[in-house]
Amino acid sequence: MEKYTITALVANKSGVLTRVSGLFARRGFNIESLCVCATENKDLSRMTIVLGGDEYILAQMTKQLDKLIDVKKIALADEKLSVYRELLLVKISAPAEKRSEILEIKEIYKAKVVDLSPGSLVLEITGEPSKLNAFVKVIEPYGILELARTGTIALSRGESCLNDLVDYNESI
Amino acid sequence: MKLTGAEILIRCLKEQGVDTLFGYPGGTVLDIYDALYRDGTLRHVLTAHEQGAAHAADGYARATGKTGVCLATSGPGATNLVTGIATAYMDSVPLVAITGNVTVANLGRDSFQEVDIAGITMPITKHNYIVKDVRALADTVREAFYIAGSGRKGPVLIDIPKNIQTEVCDFEDKAPAAYTPKSVPAEKLTAVAAAIAKAKRPLIIAGGGCIRADASQNLLAFAKKIQAPVCSTLMGLGAYPASDELFLGLVGMHGTDAAAKSFRRADTILACGMRFSDRVAGDRVKFREGKTIIQFDIDTAEIDKNVRTDLSVMADMNEIFKTLTPMLEKAERKEWIKEICAYRDYEAGNFDAALPAYKILSALGGFTDADTPVATDVGQHQMWTAQYCKFEKPRTFLSSGGLGTMGFGMGAAIGACIGTGKKTVLVTGDGCFHMNLNEMSTAVKEKLPLVILLMDNRVLGMVRQWQTLFYGKRYSQTLLDGNTDFVKLAEAFGAKGLTIGGEGDILPVLREAFEAADGGPVLVDCKIGMDDKVLPMIAPGKSFDEIMTKF
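Protein chains in written order, with this note's numbering: chain A, 1 to 172; chain B, 1001 to 1551.
Just so you know, not all the hints are guaranteed correct.
[As the list claims (entries may be wrong)] Chain B residues, not near chain A, derived (Cβ > 10 Å throughout):
(1) Tyr-1037
(2) Thr-1041
(3) Glu-1172
(4) Lys-1174
(5) Phe-1351
(6) Asp-1352
(7) Thr-1368
(8) Leu-1507
(9) Pro-1508
(10) Phe-1514
[To be verified] Result set (DSBU-like, lysine-lysine): computed pairs, CA atoms no more than 30 Å apart in a straight line:
(11) A:Lys-80 with B:Lys-1188
(12) B:Lys-1542 with A:Lys-63
(13) B:Lys-1014 with A:Lys-13
(14) B:Lys-1014 with A:Lys-42
It is worth saying that the hints were derived from the structure and are not from the lab. Every residue, glycine too, gets a C-beta built ideally from N, C-alpha and C.
Just chain A, same shape as in the assembly (with noise of 0.2 Å):
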């Protein structure tokens, strides 16, 4: 099962996630993470959805979500011509005799400690969600007592932006 990441520019009103994530359960999609935000137009929100299938899902959930009234912009985030970032907060165990250690891989992987208590402490590290599973890999063994991860977010690289395209609802 190949990924794929689809970003999509939404109206900003109440029901458009349900309209959206409705639509993956009845045609039987598959969302590995969805990740909904405020843009810089107070009329859009954005939608960064994570698919898991082949690329005819890929095509028609596209197609599907284009149709919704309600999405106004959609495109696949290519992964050569695009950036993804996520963000993942961990709550690890660190007695006093594990900590340079979780804080030495810290440093290796450019995270940060937020929150530091007598046995845990927090760590958040943002990149590629392929970077943030390798460090969920390392920091393991060390024994993860919560872990939140925001799901992917990206933009495209250059000038093109998801608000040049064509809503499909004028283009017919």
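Following the hints, put chain B in place on chain A, whose structure we already have.
Showing chain B alone in chain A's frame:
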């Protein structure tokens, strides 16, 4: 000027050219009904049940091409619309459904007759709204009509909480935003034109998209110019004149043998506003083997969804014909036309019963004209109607294709009859008729010239056919016992009831029925046999090679 929300709604409906609403009043739409009453210019058809209202608005839209409107109260009123909305959605019918709801302050508190109808209808509408600010109401209604009637058409629901109907705000009339489909530049069709020129045995499959786009005339011109035979999906019937020499009839599960044979021999398939549903392309992979598949559709997501295409163009069907036909040379495909004409000599079904349904349906043409709307319910009678009635014009065959809604016909026939003002036929079965026969009261009340041909075989015929073919003749729950006296039932409603008991009755009874229908609905109980089959048949998931013409 300052108006209440309810008044604004009525003004906006009139702005959109709405002349008729189908609906049912209730607690949360009292203000809308009051505004309707005070306005007094819109025709409101009170149905027996909200489902009937939704199907009537759908039938009205299918028959007229205009957007149908239905109106229901919150809670059960709204949920009763659901089947009708889903039916319209599957068949791309422009519909605006308006529901009342509890006040905004009471939303989300499980109030009396509160239901999240926007949530419920999300998967079966093109779009829907909950209006929470009266200032947004007018533009919401305008946008709803635009969405319902543009692109791939479909239903839109507007949920209007009760307080929004009474709150007041400024209102100004606005001309409705007309939808004009985008024209198709020639360069988008060059590859298609080349493929058509190269094709030796092209076959056109016309779908509902040809009707929704009003493309019938240009479809005819296109087929004539490229000399390609035309077959039709269930939704496409009427788009191409059945009497034309290039027409092969219905294609798919219960399509004609001629269509199946021509399909097998065709080298190029021109899919015109059809979506390769499983009832047409049972075997999605075999369907395309050895053929060039060219698909035209206004819905981007239909392209390559069910059958992978070689070429495709996403645009309005009529606009495609307008650009494409002039790009093509007049073709001569004499051998191919000769071949398909030979396939057309097709023997009628295999009916064993003393009174076969096809004889009644074949005789129907003597009492109708090319403009007569014929609605159906779902099942054997529906397929026989599709096979044996000759539809010459679009918007005359009204049937629930995608959702296959039993009980659709009664409401749809009422809507079509009211919308067109023409004598209308409903072909139904005893199973389907039982589902929504309450709408007989609506038809009688409105004095509609409606001829109901009830194919009464005392069983759920299509399910029984499958039980015969695939379930070892174990007739689980498909015997209807036939206790209903349909003639008396019609009379109880105030309609006329007649019976066709044998072949000799067909002509005289049909004549009497069509004459009597001038005074109101007439039900004709047609006592057909329970073991007649719909044939040909391609079993689900099978290809055109596996067509059964005999049983």
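How the hints compare with the structure:
1. Tyr-1037: holds (33 Å)
2. Thr-1041: holds (30 Å)
3. Glu-1172: Holds, since 23 Å exceeds 10 Å.
4. Lys-1174: At about 19 Å from chain A, B:Lys-1174 clears the 10 Å cut-off, so the statement holds.
5. Phe-1351: holds (40 Å)
6. Asp-1352: holds (43 Å)
7. Thr-1368: holds (35 Å)
8. Leu-1507: holds (48 Å)
9. Pro-1508: Per Cβ check, B:Pro-1508 is outside 10 Å of chain A; nearest 51 Å; holds.
10. Phe-1514: Fine: 42 Å to the nearest Cβ keeps B:Phe-1514 off the interface.
11. A:Lys-80 with B:Lys-1188: holds (29 Å)
12. B:Lys-1542 with A:Lys-63: holds (28 Å)
13. B:Lys-1014 with A:Lys-13: Judged against 30 Å, a Cα distance of about 28 Å means the pair holds.
14. B:Lys-1014 with A:Lys-42: Between B:Lys-1014 and A:Lys-42 the Cα gap is close to 33 Å, so the pair fails against 30 Å, i.e. violated.
Violation of the numbered hints given earlier is confined to hint 14; every other hint is satisfied by the structure.
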